[in-house]
Amino acid sequence: MSITKLTAGSNLSRQAIAKHLRLMEEAGLVRNTRHGRESVWQLDPQRLRDARRYLDVISKQWDDALGRLREFVAD
Amino acid sequence: MNTDRIEKKILLRAPRNRVWRALSDSTAFGTWFGVKFDGPFAPGASVSGVIVTTKVDPEVAKAQKEHEGLRFEITIEQMEPERLFSFRWHPFAVERGVDYSAEPTTLVVFALEEVPNGVMLTVTESGFDRIPLARRAKALTANEEGWSKMVKVIEEYLAHTPQVESAGRA
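Here the protein sequences line up with chains F and A, keeping their order. Just so you know, we're using the working numbering here: the first sequence kicks off at 58 and counts up by one. Just so you know, we're using the working numbering here: the second sequence kicks off at 22 and counts up by one.
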């Protein structure tokens, strides 16, 4: 989606939207590609999935560690 | 979709002082967590530790070597006896040769609450959203294989260890 379109559907200024987009780009959540004279922005769903999966893996590590803690204190 | 925080609750059927010791004593903590710390835990202290691996099956242990000896540091925040223990660390810092020290840390909090048949332990780890997404994606790829091996080790361990049923389970 272009900044022009995003601005049309929002109360925010073009500058404010551009700033938010750049922050989201730094976080890896959106990507932009040049389309003629305009930047076209799109969400990167893969990145969101990665973030979620990352938490799932850490969550599993805690499950394992806490299982060992349970055995450790039960002795 | 929350990508910033993990929360776990576990009921531990043990006296509160024993649970507190398992968390606040760095040797005891290391025993169940799988790490050998250089010194004791104290509020504000930075304690360095080395990952130690289980050696149940020689073949798996060999494959596991990639994480063994990996050094990491935790910085203790709060220690409120028998109530709360918290520290900061770099989560998932498993890539060899990568210096994580400049990256944001996550906060791990263990909160103890006495309940009729033991201690309800709540563990939260938060601050993941401050870690660059690219780093999170890369850690996943680097670590995926390592953890599937870890699961195998646990399975081996359980298969070869006589199951000691707790005496209290009458």
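No lab work stands behind these hints, which were simulated from the structure alone. Warning: the hint list may mix true and false statements.
Claimed, not checked - Here are the simulated lysine-lysine pairs, DSBU-like style, with alpha carbons at most 35 Å apart: (1) F/LYS62 / F/LYS76; (2) A/LYS30 / A/LYS159; (3) F/LYS62 / A/LYS159; (4) A/LYS57 / F/LYS117; (5) A/LYS159 / F/LYS76.
As the list claims (entries may be wrong) - Selected chain F positions facing chain A (Cβ under 7 Å, derived; list incomplete): (6) GLY85; (7) VAL97; (8) TRP98; (9) GLN99; (10) LEU100; (11) ARG104; (12) ARG106; (13) ALA108; (14) TYR111; (15) ALA122; (16) ARG125; (17) ARG127; (18) VAL130.
Predicted model only: the values in this text are computed from it and were never measured. From the three backbone atoms N, C-alpha and C, an ideal C-beta is built for every residue, glycine too.
Quickly compare the C-alpha distance for A/LYS57 and F/LYS117 to 35 Å and report which way the hint goes. Holds, because 21 Å separates the two Cα atoms, which is no more than 35 Å.
Should the hint that F/LEU100 touches chain A count as held when the rule is a Cβ pair under 7 Å? 13 Å, violated
Distance restraint between A/LYS159 and F/LYS76, which requires alpha-carbon spacing of 35 Å or less: 27 Å, holds
Would the stated hint for F/ARG125 survive a check requiring a Cβ distance to chain A of less than 7 Å? Holds, about 4 Å.
Restraint outcome when F/VAL97 is required to lie within 7 Å of chain A by C-beta distance: 21 Å, violated
Holds or violated: is the Cβ of F/ALA122 closer than 7 Å to a Cβ in chain A? Since chain A brings a Cβ to about 6 Å from F/ALA122, closer than 7 Å, the hint holds.
Tell me if the interface restraint on F/TYR111 is satisfied: Cβ within less than 7 Å of some Cβ in chain A. Hint holds; F/TYR111 Cβ to chain A Cβ min 4 Å, cut 7 Å.
Does F/ALA108 hold up as a contact with chain A if the rule is Cβ-Cβ below 7 Å? 4 Å, holds
Keeping to a limit of 35 Å between CA atoms, is the pair of F/LYS62 and F/LYS76 held or broken? Roughly 15 Å separates the two Cα atoms, so the pair holds.
Was the hint right that F/VAL130 lines chain A, CB cutoff 7 Å? 4 Å, holds
Hinted contact F/GLY85 with chain A - closest CB pair below 7 Å: Holds: closest Cβ of chain A sits about 4 Å from F/GLY85, inside 7 Å.
Interface restraint verdict for F/GLN99 against chain A (beta-carbon cut-off 7 Å): 15 Å, violated
Of the hints listed earlier, those the structure fails to meet are numbers 7, 8, 9, 10, 12, in rising order.
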